[in-house]
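So the number in our numbering is just where the residue sits in the sequence shown, counting from 1, plus 39.
Keep in mind that the hints were calculated from the coordinates and are not lab data. Check before you lean on any hint, since a few could be wrong.
[Unchecked claim] Below are the BS3-like pairs computed for lysine-lysine, each with C-alpha atoms no more than 25 Å apart in a straight line: (1) Lys-158 / Lys-123; (2) Lys-118 / Lys-175; (3) Lys-121 / Lys-158; (4) Lys-124 / Lys-175; (5) Lys-175 / Lys-121.
[As the list claims (entries may be wrong)] Ranges between beta-carbon positions, derived for each pair: (6) Lys-123 / Asp-176: 30 to 38 Å; (7) Leu-173 / Glu-84: 16 to 24 Å; (8) Ser-211 / Thr-44: 55 to 63 Å.
If you're wondering where the values come from, they're calculated on a predicted model, not measured in any experiment. Every residue, glycine too, gets a C-beta built ideally from N, C-alpha and C.
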Amino acid sequence: MVEGTHAKDKRMIERDKNHPSIIAWSLGNEAGNGYNFYNTFLLAENIDNTRPIVYERALEEWNTNTIGDMYADYAVIEKYAKRKKDAYRPFILCEYAHAMGNSLGGLNEYMDLFETYNKLQGGFIWDFQDQGLLTKDSNGTEYFAYGGDFGPDSIPSDHNFLNNGLIKADKSFNPICMK
Numbered sequence: 040m041v042e043g044t045h046a047k048d049k050r051m052i053e054r055d056k057n058h059p060s061i062i063a064w065s066l067g068n069e070a071g072n073g074y075n076f077y078n079t080f081l082l083a084e085n086i087d088n089t090r091p092i093v094y095e096r097a098l099e100e101w102n103t104n105t106i107g108d109m110y111a112d113y114a115v116i117e118k119y120a121k122r123k124k125d126a127y128r129p130f131i132l133c134e135y136a137h138a139m140g141n142s143l144g145g146l147n148e149y150m151d152l153f154e155t156y157n158k159l160q161g162g163f164i165w166d167f168q169d170q171g172l173l174t175k176d177s178n179g180t181e182y183f184a185y186g187g188d189f190g191p192d193s194i195p196s197d198h199n200f201l202n203n204g205l206i207k208a209d210k211s212f213n214p215i216c217m218k
């Protein structure tokens with residue numbers, strides 16, 4: 040399995056390593072950690088050592104250049120910021136402040152921590168932008184489709200769970216942004 044995984048990872052890194060918008064390499068999302076991830080870290084580092092390699096599920100193991108315990112509470116983040124250990128690894132939340140519905144509370148507290156401690160580098164709000172696709176209905180009226188709009192009712196769907204960002208699919212602001 041390692042060989043197949045490495046072949047795909049190597050092709051991706053070789054293909055994209057000169058693309059200016061690639062700021063880091065990620066080993067994946069929510070998939071555990073172990074042998075394949077250790078080896079993929081070494082492979083990525085060998086091909087392109089100009090960018091950090093991030094993997095949230097590595098937590099504080101050696102196969103990540105950042106620490107990023109997703110949805111960590113303020114006390115955990117501040118405790119990390121004050122530690123001398125891992126002074127070279129910034130804390131970046133790979134996901135935080137899940138923006139579904141009316142659930143974005145506490146953003147000011149995160150911002151205060153990020154601005155207080157240099158070791159805390161911020162994070163990525165889930166979802167920052169809605170994931171709808173511009174589509175036309177049978178009358179030609181445009182709308183942003185999502186989830187079950189693309190298949191029969193028998194196909195599993197995330198329904199409107201894809202439209203829960205701060206920014207709408209058309210790039211306009213949802214009311215939560217006025218906070």
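Task: Ascending list of hint numbers which this structure does not respect - done: Violated: hints 2, 4, 5, 6, 7 and 8.
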